[in-house]
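**Q** Sequence:
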Amino acid sequence: GTTMVMATHDLRLASKIAQEVVFLDAGSVVEKGPAAVLFSNPERQRTKRFIATLKQEAEKETGGEG
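Taking the working numbering, the leading residue of the sequence shown gets 423, the next gets one more, and so forth.
The hints are simulated quantities; they were obtained by calculation from the structure and are not laboratory data.
Wrong hints could be hidden among the right ones.
Unchecked claim - Mimicking DSS-like on lysine-lysine, the simulated pairs with C-alpha atoms at most 27 Å apart in a straight line are:
1. Lys454 with Lys438
2. Lys477 with Lys438
3. Lys470 with Lys454
Unchecked claim - What follows is a list of derived Cβ distance ranges for each label pair:
4. Lys482 with Gln441: 25 to 31 Å
5. Glu483 with Gly423: 30 to 36 Å
6. Gly485 with Ser450: 34 to 40 Å
7. Lys477 with Thr424: 27 to 33 Å
8. Ile439 with Lys477: 30 to 36 Å
9. Val427 with Ala448: 17 to 23 Å
10. Gly449 with Thr484: 16 to 22 Å
11. Gln478 with Ala457: 18 to 24 Å
For every residue, glycine included, the Cβ atom is placed at its ideal position computed from N, Cα and C.
Using the sequences plus the hints, can you model the full thing?
**A** Here it is, written out as structure tokens:
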């Protein structure tokens with residue numbers, strides 16, 4: 423297989439192509455694990471806030487169809 427490392431704030435893209443996700447804050451690992459688990463049920467508050475903020479921004483861009 424092929425391994426790729428990609429940095430993005432695009433949750434849709436990451437959820438479609440990533441098997442594993444690592445959330446970083448100021449260069450430090452906050453949380454890591456399977457993409458499906460982290461996007462649906464993150465353990466850390468920092469990860470939860472990050473995902474919630476990006477979802478709100480996406481909803482604004484799509485008029486709530488996000």
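**Q** Each hint: holds or not?
**A** Results of checking the hints against the structure:
Among the hinted pairs, lysine 454 with lysine 438 is consistent with the structure: their alpha-carbon atoms are about 17 Å apart, no more than 27 Å. Straight-line distance between C-alpha atoms of lysine 477 and lysine 438 comes to about 15 Å, which keeps the hinted pair within the 27 Å bound. Between lysine 470 and lysine 454 the alpha-carbon distance is near 13 Å, which keeps this suggested pair within the 27 Å criterion. Between lysine 482 and glutamine 441 the Cβ separation comes to about 29 Å, which falls inside the hinted range of 25 to 31 Å.
The supplied range of 30 to 36 Å is met by glutamate 483 and glycine 423, whose beta-carbon atoms lie about 33 Å from each other. Judged by the Cβ atoms, the range 34 to 40 Å given for glycine 485 and serine 450 holds: they are separated by roughly 35 Å. The given range of 27 to 33 Å is respected by lysine 477 and threonine 424, whose C-beta atoms sit roughly 29 Å from each other. Evaluation of the 30 to 36 Å hint for isoleucine 439 and lysine 477 yields a failure: the beta carbon distance comes to about 18 Å.
In this structure the supplied range 17 to 23 Å holds for valine 427 paired with alanine 448, their Cβ-Cβ distance being about 18 Å. At roughly 31 Å, the beta carbons of glycine 449 and threonine 484 sit outside the given window of 16 to 22 Å. The hinted range of 18 to 24 Å is satisfied by glutamine 478 and alanine 457, whose Cβ atoms lie roughly 20 Å apart.
The earlier numbered hints that this structure contradicts are 8 and 10.
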